[in-house]
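**Student:** So you can see what is in the structure, the chains are spelled out below.
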Amino acid sequence: MVKQTTALMVASIFAMSVPALAQQPAKPNEHVHDHGADTAPSKSANGQPKSDEHDHHDHSGHTMSQDKGTAVDHEGMHADDHSQHDMDHDHATDHSAHSAQSTEHGDGHHHHHMDNDHIMDHEGTMIMGQNLDKLPSSCKSISESVEITVKAGRKYARNFPGTAFAFDQQQWNVKPCSKVTFHFVNEDNIRHQFMMHGLPKYLYKYGMFHLEVTGPKTVSGTIIVPGSDDTFLVHCDISHHMEKGMKAQLVVGKGAESIPSIPGLTPYNRNDTYEAENLPKASDKAAQSAMVRQITAFTNNSNMQNYAMIGLGALLGLFVIPLFRKILLRKKSTE
Amino acid sequence: MPRHFFIAILTFYLMSTAAVVQASLKLPATVKVESAALTAEPMCDPKISLAWREAQEIDGVKIDASPGCSPDNPVWIAAAVKGTNNISMDTLMKTGLSPDAIIKTDDIDGDGDPDRIIIKLEIMELNGRSPDFPGIVPTFDIAPGVQPGAWVFAPKTSGMSTENFESVRANPLLRLPSPVIRVEQGDIVQIVLENTHYFPHSIHLHGVDHPFSHGEHGGQDGVPQTSEVELMPGGRRVYQFQARQPGTMFYHCHVQTHTHLAMGLAGMIVIEENKPNNWVQTLNIGGGHVRHRSVAVREQFDQEYDLHYHAMDKELSEIIQKYNDPRLIARDMNQRYDITDATEDYYTLNGLSFPYTLRESLIVVDPDQKIKLRMLNSGGELIAVHTHGHHATITHYDGVEHNPAAQIMRDVFDMAPAQRLDLKLETIDDGKHSYGPGDWLIHDHREKGITTNGMAEGGSMSSIVYKSYLGESGMPKVSHFGIDLSQYFTKEYFERRVPIWQNLDDFASLGSPGGDDGLSAANQATLLNALIGLLIGLLVYGVFAKREYIKQTFMAMVSRSKDAKGGTNNG
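Sequences listed follow chains A and B, in order.
In our numbering, each residue carries its 1-based index in the first sequence increased by 420.
In our numbering, each residue carries its 1-based index in the second sequence increased by 93.
Extracted from the complex, chain B is given alone in its bound form (with noise of 0.2 angstroms):
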């Protein structure tokens, strides 16, 4: 009887620990994420035609060409110089821009250019809440599957908010960053805001040489606390000025001003030299390359490129994708969100992330070449810009010329919020302004800033492109490295699923493992338990077997011990 009890102890005991020991000789396998199973998007955006890509004219509009991916709509470019009111019908129907959005006249200081400018701005929200289903509208991206709720300035545009009615994407006007605004110094310049958001908002013309009040249309410094009241919703306001100083400058949103902001309601506007036809680029949308110069920046450099610097925070954004209710909004917003607790999660050039900021914010150039950046800090923390091969010159700090003999070079570029700085690139390859043609990237060093919501790479990193590094698709030419960077065009990354050096070897030596193949702990525990269960089990099947024997077993040890009990009592 005993020795039954020990077998099956042991085996008990056997069987467990072969399940440890085969569970610790081999690890688990390499699980790869075949690329199939991913949300390819092109790199390109093949709805943007190759013929924008072209120098151009249009309507005597002259617009140099732009190699990278997606260039500005070269309709819009024509618009932005000649105004909506000087264009043919034809383009004006291209553009998508309301017939009133840029009115140009009168040449007062009759130099061949208009000097009267009106520029209409709306304001739209991108990645908001539905009431009629379970997304966004109208959605726009800021990296492959990154949709964070937003607010801009958008010029005033013409019938829908969405490519179309089947779609939920946003009219190509409708986008971050809020657009680029560029005027000549003295120009009577009459921003009109019509408030087309739910929430009250302003205009703050950070930098730009404008009266604290005017006669006609009021308070001109957009701050409520100071010198206008909030411009509630369908209601409309009108900011005149005339810089008298070029530069440039900062346009934002001052009403709550710590959530506006951040929100996306902010932009750069440039203030440009007065010169004699100077038919400047009213509006850059979408920041980036700036395709028709005005004249003075034509006279001094090859190239120019407005590159505005954001930064969202992700719980504030979502805000407007929890509730439809204004009220429940505002709450949220103003009573509930603390900034003091707040982090920034998304980093944007030009209201784009990587790797889109490939598509747009490339800064492609030749050697030797002059090249004028213009940068702009929106976010809230201090930025450090560093330029990967190059080392360039600050000539301008918040819009204002730098003493030309005391102008220094540097290759990291730190920017505090609202900080605007002009910067000469040039390409000459001496080992100081540059190395030497190379797809060199430019990224804020702050090494949060090369993440979106903390996943690398993303964030607000670009490239400064020589030419013979650029591919005919628009993108740099990386394939002879071996980089493939397509797997940073699929939502999946961005959503933390692709184990990222899953392909730098053939045996995805640092893919993702799988589960256990053999016995886990949890699989173990419970094959041990039915063991144990099992063995009771047999155990009572024993007893009730061999009841009789063992009734008499102990009815014997019984009697016995009475027998030895007695005998000790006789004793």
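The shape of chain A in the complex, shown without the other chains (with noise of 0.2 angstroms):
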């Protein structure tokens, strides 16, 4: 009996992990093919396929998000990632090979909006309260520098049921004083955002730290992170993608209080009621088509036994009574 529970258990352990198994290899080769269907549309959705000036002022922005993102995508090709997101970098900072290629585009403006607080390009990519060098006080030095890849897309609430949107992960931990560049890729073809709350005020206007991009592209900026134990709230302020599930912290040291609500992590502060419902099962099909099948034979069987014994009491009775009613008269006549 122990037997052949363990070996049942083993077989569903088995049973469920192949699924699981079978989709992670299925993951990269599906997106890459995802790739090409969705650069396709992304690009005529810019109007550029039928005049040359539109893929002049796409250049900056798509072409080089297209190899982003298969790169960031091709796992085991991290260094190669990295090389990208300087190009990233380049693009956000150095501005004079886009606004000739916008002259040219012949608008006579262009949307690279540029301090050190604001980075906005055509595409309305944009990072906000970026803090590449200035030390919070409670820092002496930067404690290190560390690069963490925050993937955002509908994708990763599969993980989640409930969910509608997630990051690939809910929380991610650094140690105080350190130097953080986020690459956030947006592997949807919607607007996301990296939205952190929090922050001190002197160092980043109103508190925050902004990456906001639409996908599929991806976006990258520096913060340091404060000296003491902190943790921060992380999410995509575009309506109820927090609050169906784009939400993490980031947990500097030991870390403060947790956020609520965030996805495999947190409980929510209110919770909905659930109720199993009544739903239509394959298995109630078959059931229910056997057990009408046992019963209309059981029924058949059964009312052809009832209506003979119905017969025979009727019989019986019929012989029966008028021989009682002789016996008693019988009687009553014989006193």
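Derived by calculation from the structure, the hints in this document are not laboratory data.
Some hints could be false.
[Stated by the list, open to error] Simulated DEER-style distance windows between Cβ atoms:
| # | chain 1 | residue 1 | chain 2 | residue 2 | range |
| --- | --- | --- | --- | --- | --- |
| 1 | A | E695 | B | V316 | 28 to 36 angstroms |
| 2 | B | E540 | A | R690 | 19 to 27 angstroms |
| 3 | B | S561 | A | Y626 | 41 to 49 angstroms |
| 4 | B | E540 | A | A702 | 48 to 56 angstroms |
| 5 | A | A702 | B | R420 | 18 to 26 angstroms |
| 6 | A | K625 | B | A423 | 34 to 42 angstroms |
| 7 | A | N691 | B | Q428 | 28 to 36 angstroms |
| 8 | A | T693 | B | D431 | 15 to 23 angstroms |
| 9 | B | K140 | A | R690 | 27 to 35 angstroms |
| 10 | B | T619 | A | N691 | 51 to 59 angstroms |
| 11 | B | R429 | A | G627 | 37 to 45 angstroms |
| 12 | B | E540 | A | K625 | 45 to 53 angstroms |
| 13 | B | E494 | A | P581 | 50 to 58 angstroms |
| 14 | A | P581 | B | R590 | 38 to 46 angstroms |
Using N, Cα and C, we set each Cβ at its ideal position, and we do this for glycine too.
Reconstruct the complex from the two isolated chains, following the hints.
**Tutor:** Okay, structure coming up:
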């Protein structure tokens, strides 16, 4: 008996892990394929295919992001990944090349807003509150430099039933005073944000650090975290993206109090109530039909039996009752 | 002894009658709700700069004056006319729009205006449930304190969905109604839907000349049962068309239309006649006054207004405030909500209900003007819009011009669901077109149309106001008639907690009665019970105190009866 149950358990674990295993190798391939499909409409969405001017306009953002997107998705190509991100930094800071392009474009304006607090390109890719060199007052020096790749997209919601969007990870840990570069990879075809709150306001306007990008594309930005243990909220502020799963936390050192309602990490403050529904099941249907068959078979048989019994009873009654009467009458008459 | 009983009963009776008499002698006094007890809002939103009302020019875009309380932000108009790709960085940063929200390029026909237009729309939720705190986010009030859950197509924005980190109020670009879209006949238009919402959606271009299918972008009719699959969250779809006919049209989501349309995924789309140098205002955010008219409309009319009538069901809109889990919302909306048992509760004009309609949707006129009104009914029922003081001419039905010789004038305009009417309103004081200057109501004459969840005055009513009747604040001047509109600008009014007629006279004859001063029926009953208890107590005490006497009397009675019995037996 014990042997049987353990065998069953092993089998079921194996059965459960097989689809999971099957999914994992499928992912990169699937994504590369996705990419090919996605880039075509996104290009045409900007109306470029028909005019050369448009191709120019798009060079800075799209082609780069496509390269980067695929680079990021290929596992084991991390070194390459970093070089791509360095390019992104160049893109954000070096504007001379692009402004030449936009004058060619003939619109006379271009939308690269430049100050340290707020960098934005013509597609709305945004780096806000970046801090490359200002040390927090609680730090004597930068403890370490780390790079964190954060992926965002609908597909990461798969791990958390009842969410719609998510980051690939829900928590990142860094040492106090570390210089952190976030590579924010948006894998959806819509806007997503990597927005961090509660940073010291003397270094970060509104206490915020904010990366924003329409995918599939990557944007990178750097901050220097404070010297004390703390936990910072990270979320996407597009209406109901945080509420529906796109929420995480950055833990500095030992961290502070955890932030609520991070998928898989901390409980919701307000929970929905769930009730099992009476959903149709394939097994129901089989069971039902089997039962119906049995019942009909049973009633057919028993009906036959019942009718036969009723018939017999009636006959018996017909014979016996007059007999009884006769007996009784005889008795009376004899009396 | 029986005398005592008699007295007790009499006292008890007198007391009870006295209580009843006292209660009916004087009815409860009126309790007046003090104005200090109400959450008063300023009639005009103080966040909106007075400078927005003025006629002005931004980045070369001429913007008409708009003297109402809450005119459109002029930078939005500049961005909508030139495109977010053609305005200055400074202007763009003031709009809050994404730099790729409206891309205008390529003068294909060489007539001085761009002919390739890309409009990016996102889908935003308003007044939805939060798993973090017992409130809703981001909030959008259609009237003071009235916050139905809604979904809208919104121009592609940049940054936060609330005003700022401290606020839960929605970014002003995220609002009802879905924006009015304006393009030129013959433009190659791409409406790019980026589905930022957690449900699948689509766009159906009702009345707009569009191909059923596009070689590059696939199905274009927005219908998941005929032309394309639902656009899932995180996805993007391009709807491309080149409209050959002008007219006032309609766009809406066609996924689970019976709920998604009522939730707010519906807007007006106008195809303007192709004219030289025709830079049309691609988006009229919030509808209402069109402050940069197309060439054709400028030629024929002095003013233009977009009037989008909509209706929402409270029970439907509450579903997104009841659950956070998208699966539960989907279950309730798709499988449990039954529109055939539903009633509409909120009636809006350009996304707002009275009194907020006075802020944004006043039709401000001068005498002898010709005004174009474009009307859309995106509610689920037929509406009947009445223009007080005016008869207007119906020039177009569903975007198609009516035979000019057969055009008729009316003062009630019935519109079936999804129907559009173009009206020519002429402020000629001849007793037919207009009865003269005034603050004339324009409202849905189904009486529920002037209520908000059944509370009047509310709903989609607004006014046609002559400038002589418009106050400096931007609100209609009504105080000289002794009219005070301030109670409508309180949330308590729509919570049904204000006796609306209490201020009509100095003693509040129709105010709220207080509770009973004397004894209420319930109190009387309690008192009676207490009295009965007291009497029983007295009786028991009396019996106990005089037990010897009672015993003797009893014995005496028994012996007397025995004697009597003996007597009869003997006898």
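**Student:** Which constraints among the numbered hints does this structure fail? Numbers only, ascending.
**Tutor:** 2, 7, 10
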